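J.: Just so you know, the protein sequences line up as chains P and Y, in that order. With our numbering applied, the first sequence closes on residue 643, and no number is skipped along the way. With our numbering applied, the second sequence closes on residue 354, and no number is skipped along the way.
If you are wondering where the hints come from, they were derived from the structure by calculation, not from laboratory data. Quantities reported herein were computed from a predicted structural model and do not represent experimental measurements. Treat the hints loosely; a few may be bogus.
[To be verified] With the C-beta cut set under 8 Å, the calculated list includes, among others, these residues of chain Y facing chain P: (1) P78; (2) G79; (3) K127; (4) N128; (5) K129; (6) A139; (7) T198; (8) L199; (9) T212; (10) W213; (11) Q302; (12) R308.
Here a beta-carbon is modelled for each residue, glycine too, at the ideal position from N, C-alpha and C.
Okay, here's what each chain looks like letter by letter:
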Amino acid sequence: MIQRLLLAFALAAFALVSAAPPHALAMSELKRGNTSEPDSLDPHKVTGQWENNLIVDLFVGLMTFDAKGEPIPGAAESYTVSDDGLTYTFTIREGHVWSDGVPVTADDFVYALRRINDPKTAAQYASLTFAVKNAEAVNAGEMAPDAVGARAIDPRTLEITLAYPAPYFLQLLTHYTMYPVPKHIVEAEGKDWSGRPGMVSNGPYTLDEWVPNDHIRLVKNPLFYDAANVALDAVSYFPTTDGEAALKQFRASELDLNNDLPISQLEWLRDNLPDAVRIHPFMLTTYVVFNLRHPPFDDVRVRRALTLAIDRDLLNYAVLKGIQVPAMALVPPGIHAYPGTARIQGAEAEITERRETARALLAEAGFGPDKPLRANILFSNTADNRRIVVALQDMWRKIGVIAEPQGSESRIHYTNLRTGNFDIGWAGWIADYNDARNFLFLAETRSGQMNYAGYSNPAFDALVAEGDRTSDPVARGAILTRAEQMLLDDLPMAPVYFGTSRNLLHMTVRGWVDNVVDIHPTRFLDLKPWTGPEREDTSPDAPPKEVGWWGWFMSFFQ
Amino acid sequence: MIGYVLRRLAGAIPTLFIIVAVAFFMMRAAPGGPFDGERKLPPEIERNIKAAYDLDKPLVTQFGLYLGRLLTGDFGPSFKNKDFSVGELIAAGAPVSLRLGLSAITIAALIGMALGIIAALNQNRATDFSVMSAAMIGITIPTFVTAPLLTLLLGVYAGWLPVATWNNGALANMILPVTVLALPQIAVISRLTRGSMIEVLRSNFVRTARAKGLSEFTVVTRHALPAALLPLVSYLGPATAALVTGSLVVEQIFQLPGIGRYFVLGALNRDYTLVMGVIILYASLIIALNLIADVLYAVLDPKVRLA
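Only chain P is shown next, with the shape it has when bound in the complex:
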């Protein structure tokens, strides 16, 4: 009996470990670590930055990204704008086809705009297309989908009418919400059209395989209009939810690049793999938001005092390892057609001086040592956020403010912020498209619950609306700067730091350009052996340097 049981066990063990199929490798395949598993590959059903990386490889919109993340013509070879800035006419690239050989037509774009706004599609990100005439009404179910302001004049001529002259429209066209979908496939297959091998798309790559939570493999689309200049035959995306594990995969060359790196390992990385670390400004602003509905935060003196007391440099170097950029404004540097000259007044002074001013402002507002200001500060419960909020708590303690940190998981945190259930909140915003408007929107009255502070300033709203109607980029930049300055004087939110993108990149990956949108289409990348000068210990593929057994042993504890 026992012998038979043992034999069965042994056979089972053998069967389990030997049932592994062989694995084929392509000639040139890039292995990209990509934060998280995408919700979908249907451009109308996603909301994330990591999904953008995949969708930019699979699809091209009227405009698409170059290697620098700047808009370049994609499916459209040219366009004209009417004088009032309301009507755009696009000419679809000649010979541009879907990956099944069917021509990409103006009708596919019209269909896509109707589909994303059709209430039945339930697209979470439909609001990004609301600059298009009637899109908002269609999405609300007040109009039929065919009322959307887009029409096919002929198969290669597309006309899009806007609700207002949105000068950032060309930037917006690079966003996946504005991408086409293959009408002939989506109508035939319904929601099963995306995510399956052979999924029809019009970009440089097509879907080869998707093993959920394991990898997504894309192969080069030979029918893509610029296929001759696409170097890599295939690209695999791996969801790298665990940053430390991803770093090990990167060091073992199981990943060619990863779009994140663990901050806790930054010093080690800078010492050992300095050429692999790519840190670059990104369209992310983090900020402290004050709930203007809760007194005393309706008092600008209180908000100003708390803002001045934040020691951004200390926070950056002591808590964030110096990789972020202290923020004196809401709109990050490097934003398209934006001067970025607005500043928080008085924030350049020395911290001791700022604390004096802050104490004086608090005293004016009726707070002092006998009657300290007490408030909760809500944050989304991650390790980094916890350290940031504790640092803020300590900075405010120095001006006699007692802040009580309350962490919760992110869904609960943002529900609290949206419903005004907080005194002070810790928040961050990543822009959807490269335009200052997308940051200022956070304080517009009509942004509703997205305006966590409950700030409502008709003068600010009017300036932002005026910006929407101004097509001259310089004039518009100046108007939006005035709006931002108004915000930085009223301080419904106190910007704290501008985020950076953090990529890990082997020297073998070529064609990479760091950029503010942190988008790096695979079509511009290539893999080539590193032939540069000999460097000591910096080549990622080099074996670890000789450190002796003690150094080797100790390296586990570093």
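Dock chain Y against the given chain P, drawing on the hints supplied.
T.: For chain Y alone, coordinates are given in the frame of chain P:
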């Protein structure tokens, strides 16, 4: 015996129903919903989404709809992974978790039993002490320590084994995660086997067997081992379930596409249908493995009669 199994299986249905009901309403009682994020959805979009997923209906109606679909074998659409249904996700992830868990428990059982027997036969000698100290270390070091340590040693420094990913279940990719999962189980199983083996070796029927002049090998394998394995069998049932379902940490560290990750990610994302699907799978597994353990018990121990 067959009647017993059938009755146990019938008894599992109300158990599963209660688990499904409790889990369903507990999930809904948690604050936040599947579509809450840092971006507030415009009200019309929120309405569209709720209608598309039946979230606009009363909770009891939603439960009825869910049960109805469940009876036809449909676990519903995933709220988060929109290109896959929950059924498809589980069908893709369960084999991974099953292979990991079953490989680990099989290897752990073989090595653990062997070590336990060796220790018992050499009770209070150097062999015994070294095996049991190793087992103690195995029990006390958690997988989230052994996993990164082994990947660093064997993957990054030595370069012998892949650091992570499943790679369609290639043998090289399975070695590290299976080892990490098996190590603490080897420790527990060897201690269990040693304990019960020592007890059995002192019992009268073993003394009788020795008195008959049987060889030590026969005494141990034929007479002592079946009796010594009984406590182990009752341990292996739940342990297998725990390994198959509870490999979350290992799946995370090795980036494996199993279902352990779905459970936690699904709960954090409020992906109601995905969490329900995984709970149903887990509950069924635990019920089934407990049943198997009970049946095995009857096979091994003539004193147990299932009727």
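J.: Hint check: is the beta carbon of L199/Y less than 8 Å from a beta carbon of chain P?
T.: holds (7 Å)
J.: Hold the hint about K127/Y up to the distance rule: shortest CB distance to chain P must be less than 8 Å.
T.: holds (6 Å)
J.: Using 8 Å as the Cβ threshold, decide whether P78/Y counts as touching chain P.
T.: holds (5 Å)
J.: How about A139/Y: closest beta carbon in chain P under 8 Å, or not?
T.: holds (5 Å)
J.: Please verify that hint: Q302/Y, Cβ, nearest Cβ of chain P, below 8 Å or not.
T.: Since the shortest Cβ distance to chain P is 6 Å, the answer is holds.
J.: Would the stated hint for N128/Y survive a check requiring a Cβ distance to chain P of less than 8 Å?
T.: This interface hint holds because 6 Å falls under the 8 Å limit.
J.: Would you settle whether the hint for W213/Y is holds or violated, based on the nearest Cβ-Cβ distance to chain P being less than 8 Å?
T.: Cβ of W213/Y sits 5 Å from chain P, so the hint holds.
J.: Regarding the hint that K129/Y lies at the interface with chain P, is the smallest CB-CB distance below 8 Å?
T.: Cβ of K129/Y sits 4 Å from chain P, so the hint holds.
J.: Taking the least C-beta to C-beta distance, is R308/Y closer than 8 Å to chain P?
T.: holds (6 Å)
J.: Take the shortest C-beta to C-beta distance between T198/Y and chain P; is it under 8 Å?
T.: Interface hint status for T198/Y: holds (5 Å vs cutoff 8 Å).
J.: Does the interface hint hold: is G79/Y within less than 8 Å of chain P, judged Cβ to Cβ?
T.: holds (3 Å)
J.: Grab the minimum C-beta distance from T212/Y to chain P and call the hint holds if it beats 8 Å, violated otherwise.
T.: holds (6 Å)
Of the numbered hints listed earlier, not one is contradicted by the structure.
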